[in-house]
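Chemist: Those protein sequence lines, which keep their order, are chains P and C.
For what it's worth, the working numbering labels the leading residue of the first sequence as 4, then goes sequentially.
For what it's worth, the working numbering labels the leading residue of the second sequence as 4, then goes sequentially.
Please keep in mind that the hints were generated in silico from the structure rather than gathered at the bench.
Keep in mind that the hints are not guaranteed to be accurate.
As the list makes no split between identical chains, a pair holds if one copy fits it or if it spans any two.
[Unchecked claim] Taking lysine-lysine and the BS3-like style, the derived pairs with C-alpha atoms no more than 30 Å apart in a straight line are: (1) K35 with K107; (2) K263 with K24; (3) K144 with K35; (4) K171 with K30.
Just so you know, these numbers come straight off a predicted model, no measurement behind them.
There are 2 protein chains.
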Amino acid sequence: MNRFATQLDDYTVMINSTLDKLVPEIKTPQEKIFEAMRYSLLAGGKRIRPVLTLAVCEMFGGNISEAISFACAIEMIHTYSLIHDDLPAMDNDDFRRGVKTNHKVYGEGIAVLAGDALLNKAFEVMTSTLNENSSIDRKIKAIQVIANSAGTEGMIGGQVIDIESEGKSIDYETLRNMHALKTGALISASVIVGALIAGASQKDIEKVSVYASNLGLAFQIRDDILSEIGDSTKLGKNTGNDRERNKSTYVTVLGLDQSKAFLKKITNTAIDAVKDFGEKAEFLVELADYLLNREN
Amino acid sequence: MNRFATQLDDYTVMINSTLDKLVPEIKTPQEKIFEAMRYSLLAGGKRIRPVLTLAVCEMFGGNISEAISFACAIEMIHTYSLIHDDLPAMDNDDFRRGVKTNHKVYGEGIAVLAGDALLNKAFEVMTSTLNENSSIDRKIKAIQVIANSAGTEGMIGGQVIDIESEGKSIDYETLRNMHALKTGALISASVIVGALIAGASQKDIEKVSVYASNLGLAFQIRDDILSEIGDSTKLGKNTGNDRERNKSTYVTVLGLDQSKAFLKKITNTAIDAVKDFGEKAEFLVELADYLLNREN
């Protein structure tokens, strides 16, 4: 493996083993909830958000052992949103990350609760970091950034626009706003929190924020392209669903060729935003490239 | 009005006006989410939990302006749990607090998100109290008590046992454990947080905890009795649903007469637990009495 791949692998191993510890199987009368939470949380996934948190924290000379709780909380929030998004009342998806969706295995009631429980757990994990008295202001700020990005002015807000737009043809601005909220906000939070925990300056946080918002947009465009032309075996979910559901995507709004060109352009904008950090930003640059070319 | 009724009214007015401010209608493309959140949050309800927080805080000489954020966060968590509980995948209820349930008005997708958003907002509200530098340790502890009581080892855990028990005949111990988690944990948290914010001693916190756990149990038994024999107009929801669904309740497990006797007994246990606080506990004593005799 090259240096990037090794680093990505190291981060992912750390994230997975911490998630495994944070949500253990507990033998209680309600043990089903731990099983359902772990089913979706440990089902794989690219771990892009927590990887970003750790990588940005390290780039700014921070200690990733201080960032890991926040990184894992972000992944819990991302996973809860996927479980709820997949419900019949929302996207009604049967497969996710190559396996059956949570409600297909545990039923809708438990799936709703498993999502709720992961959101609640994310805040339990984050506030538990406040018991150690160091850098408390930074940690409080990190919790607030994450809470805000996950709420009505972030991820949930975007999901609402998504539901309200279903079956309608929406314009480019609406589409972009929807994704900026639905996926962009939490990706930006992942990056900002890594920088906050490392004690980065406001100016540096602004630079990585530009990286993050462009990366988030690129991520979504790549998703839409893969949804249209990707290999469902590699993706671990069915393709063509968006079109069937009359969902507006970058591909339906801009066309496939223009989407590909736009993806390339904003990936470069993301990379340019961290150029000032020189060699230290190598991982972030390679990550943007990796996401540009991903097949799942 | 007598002193108790006036005090209850004062607390309720304060809680309602704060909730109204904390979840404003914001004109954004996702405005529907604010409408849906407000629909359930401001639909009335007895506000028992936040009232307990404020009353206990005052009893211990605390400042209720410091407790109100936590009181409102608890009510948001309670409301989110009702919205999700009412979903077709769970209790499938059409009416709540005298009006249509959230999903009956906004659809299931938005109802799931409105619940998610209220839980997220509760944590946003609580962590925003940490921006003021006073009593930060107490506030952190309060957030942790609430998060824990709402999670898998509290409210969500109880709801899981409830779902898993549906259609089965369960024994008294299982029923009691289910309710201790499902409703008891958050009611206990409401009381403990009021005491924590006021800076009460560990010994005093233990005393009000006994009050709280017995009050929570009494509350549930009264609910089960009202579900069986109550007036659906006063209750604002249909009665007899539990029996139809083969749900085990205190009435089905203990019988109506024994449930009434048990309710009386544990209400007295609750009242005894705060006797040491003398006149200061008058409101808590009257509240227990009020809940014992409530018709909705």
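Chemist: If a hint holds in the structure, say so; if it does not, say that too.
Modeler: Structure-based check of each hint:
no.: 1; hint: K35 with K107; result: both (14 Å within a copy, 28 Å between copies)
no.: 2; hint: K263 with K24; result: neither (40 Å within a copy, 45 Å between copies)
no.: 3; hint: K144 with K35; result: between (34 Å within a copy, 28 Å between copies)
no.: 4; hint: K171 with K30; result: between (47 Å within a copy, 20 Å between copies)
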